[in-house]
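First to last, the protein sequences are chains L and D.
My numbering puts the first residue of the first sequence at 1, with every later residue one more than the last.
My numbering puts the first residue of the second sequence at 218, with every later residue one more than the last.
Derived by calculation from the structure, the hints in this document are not laboratory data.
Where a beta carbon is used, it is the ideal one built from N, C-alpha and C, also for glycine.
Check before you lean on any hint, since a few could be wrong.
Unchecked claim - Over the 12 Å line for every Cβ pair with chain D, so calculated as not near, a few chain L residues:
hint, residue
1, LEU8
2, HIS21
3, ASP27
4, GLY57
5, GLY59
6, ALA85
7, GLU107
8, ASP129
9, GLY136
10, SER137
Unchecked claim - Looking from chain L toward chain D, a few residues come up when the C-beta cut is under 8 Å (computed):
hint, residue
11, VAL3
12, LEU108
13, PRO111
14, TYR126
15, LEU131
16, PRO205
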Amino acid sequence: MWVRLKSLQRIDKQGKPRDYHPGDWVDVGRQLAQLWISQGAAEIPSFTRGSGVMMSGAGVVVRAPSATQYQSMFDGLKIGLSVVADAPRIAFDRTLIWHPKAKLRTELIVPGFGFLETWEIACPLYSYDELAAHIGSDEARARTKAVIRDLRVPVYDVRLIFAKRCENTDRLFEAWGKEAESGDDERLTFMRAFYKIKPLMLALPVTWHSPQYDGAA
Amino acid sequence: MTRGVCLIAYGDKAKLEAVRCTASLYNWHDWPTNTITSTIGATDYNDIQRSRWAKVTLDRWSPFDETLYLDADTRVQGDVSIGFDLLADGWDMVITASRQQADQNMWHIVDDERNETMLAYACGEILQLQGGVFWFQKNAATARLFEAWRDEWVKWTQFDQAALLRALIIAPVKLYLLGYPFNGGALIAHNHGRAAQ
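Based on the sequences and whatever the hints tell you, model everything.
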């Protein structure tokens, strides 16, 4: 977990101690990171532009029958997020669409919403190694290739999407809904919709849903 | 609409690598190539810095409307025309993601620049992109991106990848990601650093 230090820390890197200074970003274990944050020794800065207002109109669509059991996760952030249960849709000006099967790293929710100051949508890659060519049925891949031309591309983990309400994302979700009627793997149907609409996308690393990922495969 | 391939080669080793790269390309495609070997702009840079400055000024010197940029130490091993097809479909830039993520993210970038880049995103978990192979088309969006890329690169005058990430905040483009076969894989092999050895 990457945090920005606010104090001097000595950290072992590959068995060797090294001093890190305030302002340095370091990747440490989650527990240590949270301890430092609670002590004021480190931070995950809010987005540098517009951070004061960016949470107004922000909310979460949980892809589950009910949002009740997840409400406390978001309340704990103390940023006043509205939470509803629904199918993927842009329910708020800035919407996190989350499927509970994906690990949610709550410390990344604020940065995720912050990216929407610049991009229309932000979503982690599913894998660096498992590409569109490796997902879904033969028929689904054929339908996808007919749209995106080449399947040797990474797909997005659509269980975790940050989206800003705008014309492009409205069209994207409408197109995704139509593609989903095929019943194909939703990562492929999303790719088809994404390719057709071409919103400004910020692709995020797989660590957003797989924090155990340990670097180059 | 013109399409072609640009390479950068400063120094004897880089020039040799560029020749080999171009030869590999011609096994598959007959696109015109343009290898720059003369200094652009500042003359007080070393060869590595000159090559990176040339990369971030590609939009100025590439003679093509649609450009495939290849590091000199890459080797084309298959049909890579898909990149141009994607540009024709409306993507501004096509590139691959780096597999160096998590605690390997920007491992080669000096601490100050890595810190500044993560601060610009207000987040340490950002996707590093591979700068050694990419396609782009000349348009207003990529002109803004390259201008921002130059502005960010001159702050440290070292590697170009972190500067590209910061530039994308200033000037986001319609970016499409290809998979690892296109940089360091079956379609385009990458002998990282050979041109600078």
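We went through each hint and held it up to the structure:
1. LEU8: L/LEU8 is indeed farther than 12 Å from all Cβ atoms of chain D, at 14 Å.
2. HIS21: 9 Å, violated
3. ASP27: 4 Å, violated
4. GLY57: 19 Å, holds
5. GLY59: 20 Å, holds
6. ALA85: The claim holds: L/ALA85 sits with its nearest Cβ about 27 Å from chain D, beyond 12 Å.
7. GLU107: Check fails; 10 Å does not lie beyond 12 Å.
8. ASP129: About 7 Å separates L/ASP129 from the closest Cβ of chain D, which leaves it inside 12 Å; violated.
9. GLY136: Consistent with the label, L/GLY136 stays out of reach of chain D, its closest Cβ about 15 Å off (over 12 Å).
10. SER137: Given that every Cβ of chain D is farther than 12 Å from that of L/SER137, nearest at about 20 Å, it holds.
11. VAL3: 7 Å, holds
12. LEU108: 7 Å, holds
13. PRO111: This interface hint holds because 4 Å falls under the 8 Å limit.
14. TYR126: Status violated, d = 11 Å.
15. LEU131: 4 Å, holds
16. PRO205: 4 Å, holds
Hint violations for this structure: numbers 2, 3, 7, 8 and 14, all remaining hints satisfied.
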